[in-house]
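Number of protein chains: 2
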Amino acid sequence: MFRKGLLIVLSGPSGTGKGTVLRLVRESCHNVKFSVSATTRTPREGEENGINYFFKTREEFEQMILNNEFVEWVKYCDHYYGTPKKWIQDNIENGFDVILEIEVEGALNIKKQFPDCVTIFMLPPSFEELEHRIIARGTEDKEVIKKRLIKARNELGFVDKYDYVNINNTVEDSVREINSIILAEKLRYHRNMEIINELGLKGGSTK
Amino acid sequence: MFRKGLLIVLSGPSGTGKGTVLRLVRESCHNVKFSVSATTRTPREGEENGINYFFKTREEFEQMILNNEFVEWVKYCDHYYGTPKKWIQDNIENGFDVILEIEVEGALNIKKQFPDCVTIFMLPPSFEELEHRIIARGTEDKEVIKKRLIKARNELGFVDKYDYVNINNTVEDSVREINSIILAEKLRYHRNMEIINELGLKGGSTK
Chain X
706 MFRKGLLIVL SGPSGTGKGT VLRLVRESCH NVKFSVSATT RTPREGEENG INYFFKTREE
766 FEQMILNNEF VEWVKYCDHY YGTPKKWIQD NIENGFDVIL EIEVEGALNI KKQFPDCVTI
826 FMLPPSFEEL EHRIIARGTE DKEVIKKRLI KARNELGFVD KYDYVNINNT VEDSVREINS
886 IILAEKLRYH RNMEIINELG LKGGSTK
Chain Y
706 MFRKGLLIVL SGPSGTGKGT VLRLVRESCH NVKFSVSATT RTPREGEENG INYFFKTREE
766 FEQMILNNEF VEWVKYCDHY YGTPKKWIQD NIENGFDVIL EIEVEGALNI KKQFPDCVTI
826 FMLPPSFEEL EHRIIARGTE DKEVIKKRLI KARNELGFVD KYDYVNINNT VEDSVREINS
886 IILAEKLRYH RNMEIINELG LKGGSTK
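Just so you know, the sequences run in chain order X and Y. Position in the first sequence counted from 1, then plus 705, gives you our numbering. Position in the second sequence counted from 1, then plus 705, gives you our numbering.
Fair warning: there could be bad hints in the mix.
The list treats identical chains as one, so a pair stands whether inside a single copy or across any two.
As the list claims (entries may be wrong) - Computed list of lysine-lysine pairs in BS3-like fashion (alpha-carbon distance at most 30 Å, straight line): (1) Lys791 / Lys891; (2) Lys761 / Lys738; (3) Lys856 / Lys891; (4) Lys847 / Lys790; (5) Lys723 / Lys866; (6) Lys891 / Lys738; (7) Lys709 / Lys761; (8) Lys709 / Lys723; (9) Lys817 / Lys847; (10) Lys851 / Lys709; (11) Lys790 / Lys738; (12) Lys723 / Lys780; (13) Lys866 / Lys891; (14) Lys761 / Lys723; (15) Lys891 / Lys847; (16) Lys790 / Lys851; (17) Lys891 / Lys816; (18) Lys816 / Lys866; (19) Lys891 / Lys761; (20) Lys852 / Lys817; (21) Lys891 / Lys851.
Bear in mind the hints are in silico, worked out from the structure with no lab data behind them.
Go ahead and model the full structure; you've got the sequences and the hints to work with.
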């Protein structure tokens with residue numbers, strides 16, 4: 706009895722707490738893999754090829770763009786970043802659930818190419834709380850904070866494009882909720898048709 | 706912050722194990738209520754009005770039918786049985802999740818009247834296992850068993866009308882899966898629009 710994996714796409718403004726929650730989701734689900742991006746930037750200390758990123762030369766990356774090998778890509782600060790399609794497809798085919806953390810425009814592109822993906826938008830408990838969390842990081846000056854908040858407000862306008870919302874009140878609740886979404890989505894009828902057929906449960910006559 | 710409750714409709718052939726699983730779901734979720742049917746049959750020893758059934762006279766029941774107070778009703782062995790609409794509506798409005806265990810035709814009727822309900826079909830691990838479980842009860846003769854199996858086969862043909870399937874391999878997994886479906890469905894975007902508006906997270910400009 707074999708199931709294909711699920712593609713889960715998570716978005717949410719910076720400061721919502723996606724990183725912490727996803728780390729704990731990964732620890733609690735052995736079947737979950739995180740999508741690995743490709744990039745042309747130089748590896749940082751400790752970063753491994755195929756784990757943190759697929760490190761590519763500019764020529765390799767541009768060829769991949771021409772070959773339509775990315776579900777989405779961007780150029781940022783003179784470096785390319787992209788999500789390779791094949792890695793996602795291979796893992797899903799092999800039964801792994803793949804989580805992709807990505808900003809809203811990228812998420813909508815992925816939904817077009819993987820219509821069966823499950824999209825989750827992570828929200829802070831309130832806009833004031835988001836403001837508080839961004840300021841509490843203490844790493845940025847006022848102007849950067851203001852820009853981040855404007856960006857967050859813009860991103861929040863896309864929440865109605867997502868299947869699920871997850872309000873990050875506590876890390877524990879968020880982890881439990883995301884795990885429940887993954888488990889529940891695997892139980893949807895349309896993802897179990899083959900299994901039901903294999904079990905001999907549908908159609909045919911009684912012996 | 707207030708949410709409406711969810712209506713969960715569960716079906717599945719007799720012998721699948723719905724009763725045991727639902728009892729444990731109720732024990733693990735304080736927010737869940739089981740739909741109480743109305744009937745014209747006489748209360749049995751220990752049965753309480755409003756808990757096991759709403760006990761009605763024939764005249765009362767027939768008036769309720771005429772008033773369109775049931776989401777569905779049947780006449781069986783000269784007694785009426787029906788699911789009162791108002792009880793479900795009141796509990797959902799008050800934030801309770803209501804679970805309704807019902808056969809397939811009834812479930813499809815309920816979906817028409819409560820389009821936002823969540824439907825789950827519980828399956829045995831295999832048809833052979835279902836046969837085994839029905840025979841193991843040891844309470845029925847061969848002819849009755851055969852009738853039950855034919856009925857089960859017919860019911861299984863409706864599985865594609867349901868949102869979710871739950872294969873009852875073990876009681877523990879089934880309880881966990883049904884709890885996950887309930888939790889996940891509460892996180893769907895369309896059920897959280899009011900909360901998102903209240904939190905001031907969508908639209909408007911940044912302060």
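Quick rundown of the hints versus the structure:
1. Taking the closest pair of Cα atoms, Lys791 and Lys891 come within 30 Å of each other only inside a single copy of the chain (22 Å); across copies the shortest separation is 33 Å, beyond that limit.
2. In this assembly of identical chains, Lys761 and Lys738 lie within 30 Å of each other by CA distance solely inside one copy; the values are 21 Å within and 56 Å between copies.
3. Proximity of Lys856 to Lys891 under the C-alpha cut-off of 30 Å is restricted to the inter-copy arrangement: shortest distance 28 Å between copies versus 33 Å within a copy.
4. In this homomeric assembly, Lys847 and Lys790 never come within 30 Å of each other (Cα to Cα): the closest approach is 38 Å inside a single copy and 56 Å across copies.
5. In the homo-oligomer, the alpha carbons of Lys723 and Lys866 lie at most 30 Å apart inside one protomer (18 Å), although the nearest pairing across protomers, at 35 Å, exceeds that limit.
6. Proximity of Lys891 to Lys738 under the C-alpha cut-off of 30 Å is found in both arrangements, the shortest distances being 16 Å within a copy and 25 Å between copies.
7. Taking the closest pair of Cα atoms, Lys709 and Lys761 come within 30 Å of each other only inside a single copy of the chain (29 Å); across copies the shortest separation is 50 Å, beyond that limit.
8. For the identical chains of this complex, Lys709 and Lys723 are neighbours both inside a copy (25 Å) and across copies (27 Å), given an alpha-carbon limit of 30 Å.
9. For a Cα distance limit of 30 Å, the shortest separation of Lys817 from Lys847 qualifies neither inside one copy, at 37 Å, nor across copies, at 54 Å.
10. In the homo-oligomer, the alpha carbons of Lys851 and Lys709 never lie at most 30 Å apart, since the shortest distance is 43 Å inside one protomer and 36 Å across protomers.
11. Within a single copy, Lys790 and Lys738 get their C-alpha atoms as close as 14 Å, which meets the 30 Å cut-off; across copies the closest is 45 Å, which misses it.
12. In this homomeric assembly, Lys723 and Lys780 come within 30 Å of each other (Cα to Cα) only inside a single copy, at 23 Å, whereas the closest approach across copies is 54 Å.
13. When the C-alpha separation of Lys866 and Lys891 is checked against a cutoff of 30 Å, the pair qualifies both within a copy, at 21 Å, and between copies, at 17 Å.
14. In this assembly of identical chains, the alpha carbons of Lys761 and Lys723 lie at most 30 Å apart only when taken from the same copy (26 Å versus 54 Å across copies).
15. Taking the closest pair of Cα atoms, Lys891 and Lys847 never come within 30 Å of each other, the shortest separation being 44 Å inside a single copy and 37 Å across copies.
16. For the homomeric pair Lys790 and Lys851, neither the shortest alpha-carbon distance inside one copy (34 Å) nor that between copies (51 Å) is at most 30 Å.
17. In this assembly of identical chains, Lys891 and Lys816 lie within 30 Å of each other by CA distance both inside one copy and across copies; the values are 17 Å within and 22 Å between.
18. For a Cα distance limit of 30 Å, the shortest separation of Lys816 from Lys866 qualifies both inside one copy, at 10 Å, and across copies, at 25 Å.
19. Taking CA atoms no more than 30 Å apart as the test, Lys891 paired with Lys761 passes in neither setting, with 34 Å inside one copy and 42 Å between copies.
20. When the C-alpha separation of Lys852 and Lys817 is checked against a cutoff of 30 Å, the pair qualifies only within one copy, where the shortest distance is 29 Å, while the shortest distance between copies is 47 Å.
21. Taking the shortest alpha-carbon separations for Lys891 and Lys851, neither the intra-copy value of 40 Å nor the inter-copy value of 33 Å comes in at or below 30 Å.
Violated hints, in rising order: 4, 9, 10, 15, 16, 19, 21; the structure is consistent with all others.
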